[in-house]
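Participant: Taken in order, these protein sequences are the chains called A and B.
First residue of the first sequence: 1, per my numbering; consecutive thereafter.
First residue of the second sequence: 1, per my numbering; consecutive thereafter.
Wrong hints could be hidden among the right ones.
[To be verified] Mimicking SDA-like on lysine to any residue, the simulated pairs with C-alpha atoms at most 20 Å apart in a straight line are: (1) A/LYS33 - B/ALA352; (2) B/LYS346 - A/GLU183; (3) B/LYS358 - B/GLN348; (4) A/LYS181 - A/ASP199; (5) B/LYS346 - A/GLU276.
[As the list claims (entries may be wrong)] Covered stretches of chain B, as calculated for chain A (at least 3 residues, CB under 8 Å): (6) 173–184; (7) 204–211; (8) 302–313; (9) 340–351.
Since the hints were made in silico from the structure, they are not lab data.
We put the CB at the ideal spot given by N, CA and C, even for glycine.
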Amino acid sequence: MAAITLIEAVNAALAYELEHDQDVVLFGEDVGKNGGVFRATDGLQKKYGEDRVIDSPLAESMIAGLAVGMAAQGLKPVAEMQFMGFIFPAVDQIFGQAARMRHRTRGRLTMPMVIRAPFGGGIHAPEHHSESTEALFAHIPGLKVVIPSNPSRAYGLMLAAIRDPDPVIFLEPKRVYRIVKHEVEDNGEEYPLEACFVDREGSDITLISWGAMMHETNIAAEKLAAEGIDAEVIDVATVSPIDMDTILESVRKTGRVCIVQEAPKSGAVGSEIAAEIAEHAIMSLLAPIGRVSGYDTVMPYYKLEKQYMPTVDRILDEARKIMEYK
Amino acid sequence: MTTRTTASFEIKYHQYLDADGKATQELPAFAKDMDKMRSLYRDMALLRAFDAKAYALQRTGKMGTFPASLGQEAIGIGYGDAMTEKDVLVPYYRSTGALLKHGVSMKEILLYWGGNEDGSDYAVAKEDFPICVPIANQIIHCAGVAKAMQMRGEKRAAATEIGEGGTSEGDFYEGINVAGIWNLGCVFMVNNNQWAISVPTEIQTACETYAQKAIAAGIEGVQVDGNDIIAVKQMAEYAFEKARNGGGPTLIEAITYRLCDHTTADDASRYDDPAVKEEAWKNEPMVRLRKYLEANNAWTDADEDSMKAEIAAEVDAAVKEYEAHPKPGAELMFDHLYAELPEMTKPQREAALALQAKGAK
Numbered sequence: 001m002a003a004i005t006l007i008e009a010v011n012a013a014l015a016y017e018l019e020h021d022q023d024v025v026l027f028g029e030d031v032g033k034n035g036g037v038f039r040a041t042d043g044l045q046k047k048y049g050e051d052r053v054i055d056s057p058l059a060e061s062m063i064a065g066l067a068v069g070m071a072a073q074g075l076k077p078v079a080e081m082q083f084m085g086f087i088f089p090a091v092d093q094i095f096g097q098a099a100r101m102r103h104r105t106r107g108r109l110t111m112p113m114v115i116r117a118p119f120g121g122g123i124h125a126p127e128h129h130s131e132s133t134e135a136l137f138a139h140i141p142g143l144k145v146v147i148p149s150n151p152s153r154a155y156g157l158m159l160a161a162i163r164d165p166d167p168v169i170f171l172e173p174k175r176v177y178r179i180v181k182h183e184v185e186d187n188g189e190e191y192p193l194e195a196c197f198v199d200r201e202g203s204d205i206t207l208i209s210w211g212a213m214m215h216e217t218n219i220a221a222e223k224l225a226a227e228g229i230d231a232e233v234i235d236v237a238t239v240s241p242i243d244m245d246t247i248l249e250s251v252r253k254t255g256r257v258c259i260v261q262e263a264p265k266s267g268a269v270g271s272e273i274a275a276e277i278a279e280h281a282i283m284s285l286l287a288p289i290g291r292v293s294g295y296d297t298v299m300p301y302y303k304l305e306k307q308y309m310p311t312v313d314r315i316l317d318e319a320r321k322i323m324e325y326k
Numbered sequence: 001m002t003t004r005t006t007a008s009f010e011i012k013y014h015q016y017l018d019a020d021g022k023a024t025q026e027l028p029a030f031a032k033d034m035d036k037m038r039s040l041y042r043d044m045a046l047l048r049a050f051d052a053k054a055y056a057l058q059r060t061g062k063m064g065t066f067p068a069s070l071g072q073e074a075i076g077i078g079y080g081d082a083m084t085e086k087d088v089l090v091p092y093y094r095s096t097g098a099l100l101k102h103g104v105s106m107k108e109i110l111l112y113w114g115g116n117e118d119g120s121d122y123a124v125a126k127e128d129f130p131i132c133v134p135i136a137n138q139i140i141h142c143a144g145v146a147k148a149m150q151m152r153g154e155k156r157a158a159a160t161e162i163g164e165g166g167t168s169e170g171d172f173y174e175g176i177n178v179a180g181i182w183n184l185g186c187v188f189m190v191n192n193n194q195w196a197i198s199v200p201t202e203i204q205t206a207c208e209t210y211a212q213k214a215i216a217a218g219i220e221g222v223q224v225d226g227n228d229i230i231a232v233k234q235m236a237e238y239a240f241e242k243a244r245n246g247g248g249p250t251l252i253e254a255i256t257y258r259l260c261d262h263t264t265a266d267d268a269s270r271y272d273d274p275a276v277k278e279e280a281w282k283n284e285p286m287v288r289l290r291k292y293l294e295a296n297n298a299w300t301d302a303d304e305d306s307m308k309a310e311i312a313a314e315v316d317a318a319v320k321e322y323e324a325h326p327k328p329g330a331e332l333m334f335d336h337l338y339a340e341l342p343e344m345t346k347p348q349r350e351a352a353l354a355l356q357a358k359g360a361k
């Protein structure tokens, strides 16, 4: 057992599946010899060969479309989009083909494929490298959208994503690629998809987030504890389909909810969670649902990105406001 | 300034039978097998009769939008005949001929266009893709399928088809490009029927040919007379053999003319010149093959009559099966979405079933 970062956990999970399942094949831009621009696939081509860890030509639609063709043949392709901001040419293949294939063939052809993409802001990246567009994918029936928040979840959820019989969009919060290390046992044990993780149990307010924002959300919960506010913290992890049972159970207990997301506020995963809570647990609410999010603006270039992104202070302000509501 | 030529190319055009059914060069062996040629003629006749029936079903409200293959029958039948059952077909919406040749039934094709996903649950061609409607996505799927075959060391080929307009799409180039780099066993058929709905080929590309687009991907590109089934089949057989044996991909531009509307939802009289179309009718693929058969004493009016009667009965039987096929239940919106329906979606399934139980149709 070793303490590893989130990106090392991604690498370890990919290596584990390459080792144990001959149908797994990795490809994308720069994933081979270079090991990926973030080093997520570092050393894998050397170990598993150029036939299974493949440098592809530079064309995102092709990368996704190849995965569709290979998955239909029973392989388990894991394709990398170098950045989420470059995924849009591939959306045609992901939405129009991968998400629909099982349905439109009545289950005859299935898509056991994973599309990986680093996403989110906070690393002073150039334009198009910092957006959080998970809601676009969460909206599409037939896809699963998974976002790990820490190294152990990255390892367990990546294993589950590769083994899942349906297409999974696996979004890696690159700001926290190397922010913390976890002891992760490389034992091939997967974590469940479509399941929230409760990071902290509490009785006063439920803080709900996913991905990189779990870092700020957990810090906020500690600070709230110092103020005597006992927050429950939920990592949604699979943002589509969402494990609403865990969230609703928590809301029924605390009666107060604050949703934290890096993405723009409207039409977002947080909006869906708020709507589900309103539909199923509105009578348990002691205060209006609060949301802390990115703004409904274009993600700014990096000079302003800190002001765009939710901070611990913004979460604290919102949580206190929710607590004060009577 | 002194220069040197770093690359140059030429595109070869292949034809065996002219519009009068006369050989333009020494014919391949299969073309001298009159049983074989009769059966190809029958395949084309079946496709034409099926199209006409499908049109009638749409016009009478018994089926949805349908794209016919009128005038283009030699393409799908020709390359479909060159496929084996181990090869994989990645069809687009005008691949009816190849689908039929590869074991997809008329009933299944009618179900698909009749709005029922059951039509893509092929009973025979289990690995073939469903019909691709978004333009050019299928080119990349074909490469992906061939990559899987290559990784397993299988001697199989993957084939797909696209209209000439579709070659303007990025996915077209992305697909043939990767097939070239990885030397994949793909056969790319381009049905150049002169029209992308209403947009004529002159304003689709500045290239002299569509075949030369293959050159930019480093793969072999050839032209065939798409109305000459001997040329289509001969070139397709070459391409499939090459693909199955590690020789890499081939792009075949088959030149023809769309004698029908784009689909039942289109009216080609808005843009097609009747004089041009009349001229195109003189080149269509069935007349020349019939003339060739007759010149070889392999076809008579009586043969034509009995074939047409047989085909009509086959098509009618397929239509009966199609019409007798049960309408899908609302549960089918949900049951093949994922391997397991998400908890979040289960109440929606129950709600749809409850409405169905109350008579919702």
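Participant: Look at each hint and say if it fits the structure.
Facilitator: Evaluation of the provided hints:
Taken as a hint, the A/LYS33 and B/ALA352 pair is broken in the structure, with Cα atoms around 51 Å apart against an allowance of 20 Å. Proposed proximity of B/LYS346 and A/GLU183 is contradicted: the alpha carbons are some 37 Å apart, above 20 Å. Distance hint between B/LYS358 and B/GLN348 is fulfilled; the C-alpha atoms sit about 15 Å from each other, no more than 20 Å. With a C-alpha separation of about 16 Å, the suggested pairing of A/LYS181 with A/ASP199 holds against the 20 Å cut-off.
Taking the CA atoms of B/LYS346 and A/GLU276, the gap is about 14 Å. The hint holds against a cut of 20 Å. With 5 residues carrying a beta carbon less than 8 Å from a beta carbon of chain A, the region 173–184 of chain B meets the three-residue requirement, and the given coverage holds. With a cut-off of 8 Å between beta carbons, the region 204–211 of chain B has 0 residues touching chain A; three or more are needed, and the interface restraint is violated. For the region 302–313 of chain B, the assignment as covered by chain A is violated, since 0 residues bring a beta-carbon within under 8 Å of that chain's beta-carbons and 3 are needed.
For the region 340–351 of chain B, the assignment as covered by chain A holds, since 4 residues bring a beta-carbon within under 8 Å of that chain's beta-carbons and 3 suffice.
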